[in-house]
Amino acid sequence: MEGVADLQTLIPPRTTSRRVQAAIEQGIKAFFGGNALVAIIVLALITIFLFREGFGFFGQNLTNLRLYRQAGLEYVDIIRDVSTQHEALSRKLSDIRLQEARAMEKRSVPVEEINATLAPFDQFASAFGDTAENLRTLVSDLTDQASALKESLYARAELAAQRAQLERSGALAAAEKIAVPAVDRATALATLHQGAATFESVSAEMTATLYTLLAQAPPLPDAAEQKTFDQWKTRTREYLAGLPKASENLRTWSAETPIPWYRSISSFLFGRDWVTASFWQDWYGIVPLLVGSILVSIVALFFAVPLGVASAIYVSEIASVHEKRFIKPYIEFISAIPSVVLGFFGIAVVGQFIRAASQSPWFKWISFFPISERLNIFTAGCLLALMAVPTIFTLAEDALRNVPRGFKEASYALGANRLQTIARVLVPASLSGIVSAILLGLGRVIGETMVVLLCAGNRIAIPDFSQGLGAIFQPVHTMTGIIAQEMGEVVRGSTHYRALFMVGLVLFTITLGINYLAQKLVARYRMSIG
Amino acid sequence: MVNIIEMPEITSPTIANQPAPSPEPGVERAMIEIEDVDFSYGTHQVLHDVSLSVPARAVTAFIGPSGCGKTTLLRCLNRMNDLIDGAQITKGSIRIEGTDINASSVDVVDLRRRVGMVFQKSNPFPKSIYDNVAYGLRIAGVTKRSLIDEAVEKSLRSAALWEEVKDRLHVSGYGLSGGQQQRLCIARALAVEPEIVLMDEPCSALDPIATAKVEELIRQLKEQYTIVIVTHNMQQAGRCSDRTAFFYLGRLIEVDDTAKIFSNPGQRQTEEYITGRFG
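Chains A and B, in that order, give the protein sequences. Note that the working numbering gives residue 445 to position 98 of the first sequence, counting from 1, and the numbers run on in steps of one. Note that the working numbering gives residue 128 to position 41 of the second sequence, counting from 1, and the numbers run on in steps of one.
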């Protein structure tokens, strides 16, 4: 009891009243709480804004798709598709010729002789190209007709909208002045429909010519090229066999077939084309951008994961104190490099280097080398790897360091060497921590903009996987890149503008998912260690 | 413990008067011979001139107040101190069956296989019970399933854990109680068939019932193994050890048969410590 009495004299007497004290505490609480609240509100506002701007896309895209059908653009595209396939076959022919000429050059056949040998083939190729002449004319005629119809439909819709707005605001007189022209869609579509008959005759003629031509196809001197050529012939036959199907499609096609609402969503999520500001038809398909982002991230992780995790293991388990003091800040410093500088470095150094390396004779054995594009998935992936390494390294090192010392000691005490201890105890014990480090690295890579905008080549196309790994040396565009590049130029409220918001939303969902997963893993890891 | 400061400085003559402990009287066959060992962490010397013989197939207890160097000495016996930067024996030698364990020809991996260790805090790996026990064998390169199965069962039986876990060998070692986890760690150490088992306060985190089980186990294990146990618990040393060594401030004060230490200690500090006047 005495001790307690002594203690009371030690505490100074209360100078402020209880009420003031409470008020101060309330104030402090409000200050911190308020800050947290602001952060939450801002995040909520961003999300709401994204959704509001983004979801308008679906309605507008549906109108866009409906116009595509109503104006008969879809009809023309059936024929255009046939023509495009023909062009692809034609291009393949010139590829074959190039390959053959190269093969002969390797056998040191003189140029004159090459040309002489390949003359029949050249004739064949040009004859093949000519067969599509009528088809091309048809496509171009129909394109004009459909465009005109679309234009007038579009203009009418615009005027109607203006008039409706004036009427709503009560300016009836002004509204009267706006004359909404009648568009004779039926007649225009009927004219368009005559294309089917023309197409049938054109394709019949082409089929006949091509079969005769195929029968007279000249042989090639090299077995490998002959094989490709034979494959080409099979493809051409398949193409010709598919022509009646196109005719069939043309005959059954109707501008009045309704487009279901979900097409607006599916054409965005699964659409393979991203075409904007086109005179013909805009397409907002996220697939090429998504594939671009994913491929770039895969390449980046392919390099960053081994680098980051291995250096984390080295620093936490093997390095001496001096090495640690040097390596750790050095790797963490990488994250201080502005991404635009990295991108610049990528264009000027890495891209150049990769292309130069691909031309060197050492890499002749790689089938898809030399590469033509300096800026491609690989270049961007290499640089993004550099950005992901510090994230992965820091977090993986944390995870490894948090493995209880007892595990390590027990392992050594049982006669394990360092490598066994790392591989069998330390890494398994910190695995979920390491995986979450990798996921956060992935989140960083997918969300990165500047480097991919500068280094990925910005060609909006799904890479051609027919070359296998060669696909990663092709340029792509990414989700982040497209937003950065196009957002500045779009008209506010247009379909394009909203499409970009949708891309942003998809990106947001992906990164949110990755982060959530990573946090789940970290929580599990803490539990298993705890 | 606070009283340590008030203790009279240990005079060097006390140490010098110690009889040369090698070969110690009362030790018929020494498994481990520690001779004049000085040990430092960097510049901080924690062991001074320690000489001691550990008899084979018996339990030797190291007692003494915290910071007296008993755990350090224990960790010298399987060179666990190698893992700490700057920690080293600066003088003297430790011989196990006549071989200097710090000689450059000695493979530390082999040494640790011969000298197993159980730690203060039970530390099963985050693996199944089976994998925990099999770990030592697997890293030693044993791949034959039947051999591992056999060794796992044998070790778990030796550690008196088999009956309790035989139906759940493949669940995580973390599902066991504290006492069971510690016995699992003992089984893990026994699986590689060491000759010596070092125990660093193995019961400090256990309740009395679990402690009793582990002590019973220790008494059984000395039939086959040489055991060195570090403990803070005087009664424990009295109950399960054959010889007891008392350390104070990095020096070995006294080592003798446990019965003698507890009934008739030769040194005043020993008597004061075991009767609870300090420490």
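None of these hints come from the bench; they were simulated from the model. Even for Gly, the Cβ is constructed at its ideal location relative to N, Cα and C. Among the hints, erroneous ones may be present.
What the hints assert, rightly or not - Straight-line alpha carbon distances no greater than 27 Å define the calculated DSS-like cross-link-like pairs of lysine-lysine that follow: (1) LYS214/B / LYS867/A; (2) LYS231/B / LYS867/A; (3) LYS347/B / LYS755/A.
To be verified - Just a sample of chain A residues kept apart from chain B, beta carbon distances all over 10 Å, derived: (4) ALA369; (5) VAL527; (6) GLN563; (7) GLU603; (8) VAL668; (9) ILE674; (10) LYS755; (11) ALA757; (12) SER758; (13) LEU761; (14) GLY762; (15) VAL772; (16) PRO775; (17) ALA776; (18) ALA831; (19) VAL838.
Unchecked claim - From the structure, some residues in chain A lie toward chain B, with a derived Cβ separation under 10 Å: (20) PHE617; (21) GLY618; (22) SER667; (23) PHE710; (24) PRO751; (25) ARG752; (26) GLU756; (27) ALA808.
Taking the hints in turn, this is what the structure says about them:
no., hint, verdict
1, LYS214/B / LYS867/A, "21 Å, holds"
2, LYS231/B / LYS867/A, "38 Å, violated"
3, LYS347/B / LYS755/A, "39 Å, violated"
4, ALA369, "41 Å, holds"
5, VAL527, "74 Å, holds"
6, GLN563, "67 Å, holds"
7, GLU603, "66 Å, holds"
8, VAL668, "7 Å, violated"
9, ILE674, "17 Å, holds"
10, LYS755, "8 Å, violated"
11, ALA757, "5 Å, violated"
12, SER758, "7 Å, violated"
13, LEU761, "4 Å, violated"
14, GLY762, "4 Å, violated"
15, VAL772, "6 Å, violated"
16, PRO775, "7 Å, violated"
17, ALA776, "5 Å, violated"
18, ALA831, "44 Å, holds"
19, VAL838, "58 Å, holds"
20, PHE617, "43 Å, violated"
21, GLY618, "46 Å, violated"
22, SER667, "8 Å, holds"
23, PHE710, "40 Å, violated"
24, PRO751, "7 Å, holds"
25, ARG752, "9 Å, holds"
26, GLU756, "6 Å, holds"
27, ALA808, "47 Å, violated"
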